[in-house]
Amino acid sequence: MADSEAILAPQEPELRHHFDDSAQQLEASTLGMWVFLVTEVMFFGGMFGAYIVYRNMYPEAFASTSHFMNVTIGAINTGVLIFSSFTMVLAVRSAQLRQKKALIAFLILTLILGCVFLSLKYVEYHEKWVDHHIPGPGFQYADPRYFHQAQILFYLYFAMTGMHAIHMIVGAGLLITLIVMAARNRFSSGWYTPVEMIGLYWHFVDIVWIFLFPLLYLIGHTQ
Amino acid sequence: MNATLPFAQTETPINYLNADYGWKSWLFATDHKRIALLYLFSITAFFFVGGAFAVAMRINLLTPEGIFSHDTYNKLFTMHGIIMVFFFLVPSIPATLGNFLVPMMIGARDLAFPRINLLSWYIYIVGGIFTLTAVFQGGVDTGWTFYAPFSSSYSNTHVILAALGIFVSGFSSILTGLNFIVTIHKMRAPGMTWNRLPLFIWGHYATSLIQVLGTPVIAITMVLLGLERVLHAGIFDPTLGGDPILFQHLFWFYSHPAVYIMILPGMAVISEIVACFSRKAIFGYGFVAYSSIAIAVFSFIVWGHHLFVSGQSMYASMVFSFFSFLVAIPSAIKVFNWTATMYKGSISYETPMLYAFGFMGLFTIGGLTGLFLATMAIDVHVTDTYFVIAHFHYVMVGGMVMAYMGGIHFWFPKISGRLYPEGWAKFAALLVFAGFNLTFFPQFILGYQGMPRRYAHYPPEFQVLNVMSTAGASILALGYLIPMIYLAWAWRYGPKSPQNPWNAKGLEWEQSPTPPPTFNFEHQPVVTEPAYNYSGEEQEVKLG
Amino acid sequence: MGVFSIFPSRASVAAGEVDALYTFLLVVGGAMTAIIFASVFFFAVRYRRKSPNDPAPKAIHGSLPLEIAWTVIPFLVMLVMFAWGTKLYFQNYTPPLHDTLDIYITGKQWMWKVQYPTGQREINELHVPTGSSVKLILASEDVIHSFFVPALRLKHDVVPGSYQTFWFEPKEPGRYHIFCAEYCGTGHSDMGGWMTVMTPADYENWLAGGANGGSMVELGGKLFQQYGCVTCHVTDHEGRCPSLLNVFGRPVVLDDGRTVMADEAYVRESILNPNAKVVKGYKHDIMPVFEGQISEEGLLQLIVYVKSLSPPTASPAKPAASAAKRSSK
Amino acid sequence: MSHQVVPVKVYAAIFGALLALTATTVAVSKLELGEYNFIVAMTIAVIKGTLVVMFFMDVRRASSMTKLFIGAGFFWLAILLVFLLSDYLSRGWLLNIHWL
Ligand code: HEA
Ligand code: HEA
Ligand code: CUA
Ligand SMILES: [Cu+2]
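The listed protein sequences correspond, in order, to chains A, B, C and D. If you use this note's numbering, the first sequence corresponds to residues 91 to 313, in order. If you use this note's numbering, the second sequence corresponds to residues 802 to 1345, in order. If you use this note's numbering, the third sequence corresponds to residues 508 to 836, in order. If you use this note's numbering, the fourth sequence corresponds to residues -17 to 82, in order.
What the hints contain is simulated information worked out from the structure, not anything from laboratory work. Check before you lean on any hint, since a few could be wrong.
[To be verified] Distance condition first, Cα-Cα at most 30 Å in a straight line; then the derived DSSO-like pairs of lysine-lysine:
1. C:Lys787 with D:Lys12
2. C:Lys565 with C:Lys615
3. C:Lys678 with C:Lys594
4. D:Lys12 with C:Lys790
5. C:Lys678 with C:Lys642
6. B:Lys1145 with C:Lys557
7. D:Lys49 with D:Lys(-9)
8. D:Lys(-9) with A:Lys191
9. C:Lys784 with C:Lys729
10. D:Lys12 with A:Lys218
11. B:Lys1227 with B:Lys1297
12. C:Lys784 with D:Lys12
13. B:Lys1227 with B:Lys1145
14. C:Lys678 with B:Lys1227
15. C:Lys615 with C:Lys642
16. C:Lys565 with B:Lys1227
17. A:Lys211 with D:Lys12
18. D:Lys12 with A:Lys190
19. C:Lys557 with B:Lys1297
20. C:Lys729 with C:Lys642
21. B:Lys1145 with B:Lys825
22. C:Lys565 with B:Lys1145
23. C:Lys642 with C:Lys790
24. C:Lys615 with C:Lys790
[Stated by the list, open to error] The following residues of chain A were derived to be distant from chain C, with all beta-carbon distances above 12 Å:
25. Phe109
26. Ser112
27. Ala113
28. Gln186
29. Glu217
30. Ile259
31. Gly263
32. Ala273
33. Ser278
Glycine included, C-beta positions come from ideal geometry on N, C-alpha and C.
Start from the sequences and build out the full structure, keeping to the hints where you can.
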């Protein structure tokens, strides 16, 4: 995916010759990363738009589908992601302090938490599969009144969480790169821009989930 | 890559073109100038493919019955639209001239992320391959707008491949925009304040904003469409509870701002050319600069003007109509300021200036007919007719392509180090202007007469105007072919260009050799005067 | 119809109004174009460089009054375009509430099926009398089409899954093109026909000609029986479902407190998906869901039948003010 | 841009707050609050997002340029959502209002 490359493009510890100094280089990377995250906001924004339109159009159907969302897993996953953001920020901190061991440890921890998230996601998707809640020819829904509407909402559920999961997978790949780089002492000189940038990315993915969780799992639950 | 620069001028100084040879030095180039050339060649190729489709369409429309089958015709205009918009016009100026000139104009050695720049070219090519595969597999027949539910449930052509191509190439556009934004913010030479930026840079900055903020939405829309085609979950299909108009909203949220991606860089080029060939500072620099940003911002709140007859709420239509008029104001400001720039200038008529004249006239007509479309009661009649076709060809071909041609000629000496044959160039420019008007002016009349667009055949009373249009298109084709030939010739055999053949202002002309060396400048450029200081004034220009 | 007249023929009252607006824009646009062209041309000639050694001209950096002038004046001109265009648009897209001649048009790949309340059916032909307010109710069986009559200066997309309407007052007898203006697949350019405008007398004659198979009301009434609607909505007295007498064209209060207008779109939705809007005081899930069971044409007939249960009253219900206030919340 | 190292305590506090807010939002979702369920859930999400942006992503101390771009991102998202809804929410209006 294009996203990964944008971040993966390895930054040399040395100054790249088209920059004046490393401060300029760092500022450029930071701004570039933020601009990239803004595009990500709009990328998910399209789906949030579709979601809001349909939620507004079919509130009852939405309430009905939200009963099939696994709130427990969703909540646990929220915790897991927040925890991983926490470890990520500690990784960045270790990089700042040039603590190689701690850096690697926190990166690995973040990676593990990311994998936990993805595994739980898999469990959830599997549940949906068993219940025939995957949109498409095999879709079934208990309440015939809402068959079509529910299918649309499950479609959005899968599109949104799926895109989020893809971002997590990309993030996991980036973390592995970081771990390798850290192990090879690439950050020992006090230059840690990649750690910081990928940290930003990771937190962003966390924020997307922070919004997905209430929207998809919680709202309409009581109706 | 050759990093050592010779400081003494030798017989043939080392420049970015001869610094390194072999295909690898091109395909793995990170030099923005070489990447610009990679783009230049691929974009030209796409232009000719798209142009060939246009020629075929115009031939079909010579007779009311048409020549090709309906399906063939439907594929022709779809692929013409897709290729011209996503693979030619959106990247045209930014990815070639912009890539080449943005760093040079602000006094930087390269773009902020050279490797991402190269990556964006590869992404563009991959997207192009997907789309071309769709073409060679038999084509797509949805129109470039992909309206659901036709595209999602009824068309049995290669919609997914084409959508994938657009999805992928979108990231190329995003990355280019991102690179420009960061470069313009962080890499300006000492003394290059925002108030001194050439208007070319302002235009590209505004373009980049749109690319970065709008393109992701078309990307996700294409994903949703592709998935819908596979799953038939009904998100855009009313028989399954979906709303087809939602697709149109999401599509135009990008595609309207995208039309300004397709004009702002053209305006950027025109500002440079008009100033240079009038030997004057741009009249109202601040207004021209800020109007680019205003266009970029307002462009995002007018998309509903494509939906006036679609069943969109009339109140929403009203709001969108209002903002459509508002977004026209900054364009008007630009046109007036360019005209005023010529006042009491010292004007010469080299080819780039001829194209600039063409731009000013044709963009004005195209833009003013945009106002017809923004007027709801008129749009109800002329939407989806040739009036719309004429409107957007006036702005896109008469505006942007003219500016592109003008820019190519203007910076050709810089890029190639050679001069092009002025006589041929002037002749071709006049041919383009004449051919263009003959092609597209009759379409305004056709449109108001009621000839719908995307028609493979039509009632006989429309034939006369259609024949005129086809005749014009063949002149136009010639007008594009001639520059191809003499530019290619001049690249090899043209006379060597002096460093600054136009006596133009700007870092790229004044402080960098022609053609430029790999890192653009031999010494760190320092800016001490405002842009376009043709009269050599001391005083500083205030922005705004 | 001369090929080189810029205006196509005008079949309706509104066509002249649109042409007037168009003329206004042509004049303004033409004037602006003339100004720009003339100044560019004049400056280019007047200030051309006579020799390469001409001294550089003095810089003129700008002029605030000029900038303001060419911002404000175009803006004011555009406000006129906006206001005029919007007014006409609302007018043409808002059918009168009463005394309209309703004609039902269904688009499908690639033809227009036209049904008259009196039972006539045609394909790719539309007959209308002068002097009446013709209201078209547009439905689609498959993809999006667009019903376009250049001589009316009107079109509207025909969107599957909903009804779209517009109206006009035919003025000039004659035959006029109908086109499909929204791309809809292979036969898009074949999806045309003719609209015939007739004098009221001719129209009566034409009507007398060919109603086969009963009027839409009759056909709708049959469907009303066939689908069993009648058992509950008309003859039932247990109050399980609302009576449909005198409902159409009047505001209805729903169980969630909203008030909506009982128009074509409402009736359509209530048949296909009864739970979407339930009338206050009635239960959900009583009525079967008819989604996917009735053809678009059948639906239109049912709607006409439901309409016929609500004969126009002498003093029309006044839904406008109160209903509007509520729904705009 | 020299970064000051933030004490772990701060991060831990934010982490705790985020967990607490998650628990709250789940708990509140079980209550019958009608309209307010949505409002509360979204408010909590916004607070959580802000905490992450401000502290974990360190925008608190970022340049005003960065802040501007973030602001722009959300502003454009708002444009998309608001104008999209402007159509859907006003679709039924005209049929009721005959003011012309
Ligand atoms: C480069 C591309 C480009 C540009 C710059 C524009 C510019 C504008 N466009 Fe255009 N447009 C397209 C490309 C473009 N458009 C395309 C591709 C389509 C069709 C897509 C499809 O359906 O396939 C389209 C369709 C389109 C529609 C929908 C038509 C329909 O399908 O029904 C509308 C409606 O409002 C519209 C309006 C405008 C307006 C108001 C401007 C304004 O920005 C124009 C502003 C400029 C001026 C106004 C001229 C200069 C001003 C003066 C000289 C001042 C004097 C003025 C006065 C005193 C009034 N355009
Ligand atoms: C973005 C840029 C762009 C450009 C540059 C053009 C350029 C041209 N366009 Fe295009 N056009 C669109 C964008 C563009 N168009 C879009 C978006 C649509 C809408 C599609 C849709 O409805 O979905 C459209 C639709 C469109 C139609 C309407 C089709 C229909 O609705 O039925 C027509 C008809 O005349 C047309 C004609 C032309 C012509 C004659 C040119 C000329 O300017 C082209 C001139 C260039 C050349 C001619 C190339 C020169 C090449 C040679 C000389 C080699 C010749 C080789 C062979 C013949 C093998 N275009
Ligand atoms: Cu039906 Cu086009
Ligand atoms: Cu537009």
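Each hint tested on the structure:
The hinted pair formed by C:Lys787 and D:Lys12 meets the criterion: a straight-line CA distance of about 28 Å does not exceed 30 Å. Pair hint C:Lys565 plus C:Lys615 does not hold up; C-alpha atoms about 66 Å apart against a cutoff of 30 Å. Note on C:Lys678 and C:Lys594: the hinted pairing holds, with a Cα-Cα distance of about 21 Å set against a maximum of 30 Å. For the given pair, D:Lys12 sits about 26 Å from C:Lys790 by alpha-carbon distance, which is consistent with the 30 Å threshold.
For the proposed pair C:Lys678 and C:Lys642, the alpha carbon gap of about 14 Å is at most 30 Å, so the pair holds. Straight-line distance between C-alpha atoms of B:Lys1145 and C:Lys557 comes to about 13 Å, which keeps the hinted pair within the 30 Å bound. This hinted pair checks out: D:Lys49 and D:Lys(-9) have alpha carbons roughly 25 Å apart, not beyond 30 Å. Of the supplied pair hints, the one linking D:Lys(-9) and A:Lys191 holds, its CA atoms being roughly 20 Å apart against a limit of 30 Å.
A hinted pair counts as satisfied when its Cα atoms are at most 30 Å apart, and C:Lys784 with C:Lys729 qualifies at roughly 25 Å. For the proposed pair D:Lys12 and A:Lys218, the alpha carbon gap of about 22 Å is at most 30 Å, so the pair holds. Using a Cα cut-off of 30 Å, the hinted pair B:Lys1227 and B:Lys1297 holds, with the two alpha carbons roughly 20 Å apart. Between C:Lys784 and D:Lys12 the CA atoms are separated by roughly 27 Å; this keeps the pair inside 30 Å, and the hint holds.
Of the supplied pair hints, the one linking B:Lys1227 and B:Lys1145 holds, its CA atoms being roughly 24 Å apart against a limit of 30 Å. Our distance criterion of 30 Å between C-alpha atoms is broken by C:Lys678 and B:Lys1227, whose separation comes to about 53 Å. Distance check on the hinted pair: C:Lys615 and C:Lys642 sit about 20 Å apart at the alpha-carbon level, within 30 Å; holds. Between C:Lys565 and B:Lys1227, the direct Cα distance comes to roughly 28 Å. Compliance with the 30 Å bound is thereby established for this hinted pair.
For the suggested pair A:Lys211 and D:Lys12, the alpha carbons sit about 22 Å apart, so the restraint of at most 30 Å is met. As the CA atoms of D:Lys12 and A:Lys190 are separated by approximately 45 Å, the hinted pair breaks the 30 Å bound. Restraint check for C:Lys557 and B:Lys1297: the C-alpha separation of about 26 Å stays at or below 30 Å, so the hint holds. Of the pairs offered as hints, the one joining C:Lys729 and C:Lys642 holds, with about 24 Å between alpha carbons and a cut-off of 30 Å not exceeded.
Among the hinted pairs, B:Lys1145 with B:Lys825 is inconsistent with the structure: their alpha-carbon atoms are about 50 Å apart, more than 30 Å. Between C:Lys565 and B:Lys1145 the CA atoms are separated by roughly 8 Å; this keeps the pair inside 30 Å, and the hint holds. Pair hint C:Lys642 plus C:Lys790 does not hold up; C-alpha atoms about 34 Å apart against a cutoff of 30 Å. Restraint check: the Cα-Cα separation between C:Lys615 and C:Lys790 comes to about 36 Å, which exceeds 30 Å; the hinted pair is violated.
Taking the minimum C-beta to C-beta distance to chain C, about 34 Å, the non-interface status of A:Phe109 holds against the 12 Å cut. Distance check on A:Ser112: its Cβ is at least 39 Å (rounded) from any Cβ of chain C, clearing the 12 Å threshold; non-interface status holds. Distance check on A:Ala113: its Cβ is at least 35 Å (rounded) from any Cβ of chain C, clearing the 12 Å threshold; non-interface status holds. Look at A:Gln186: its CB is around 49 Å from the nearest CB on chain C, clear of 12 Å, so calling it non-interface holds up.
Listed as outside the interface, A:Glu217 is consistent with that label: its C-beta sits roughly 27 Å from the nearest C-beta of chain C, beyond the 12 Å cut-off. A:Ile259, annotated as away from the interface, keeps every beta carbon of chain C farther than 12 Å; the closest lies near 37 Å. Every CB of chain C lies more than 12 Å from the CB of A:Gly263, the least distance being 41 Å, so the non-interface label holds. Look at A:Ala273: its CB is around 57 Å from the nearest CB on chain C, clear of 12 Å, so calling it non-interface holds up.
Under the 12 Å C-beta cut-off, the non-interface status given to A:Ser278 relative to chain C holds; the minimum distance is some 54 Å.
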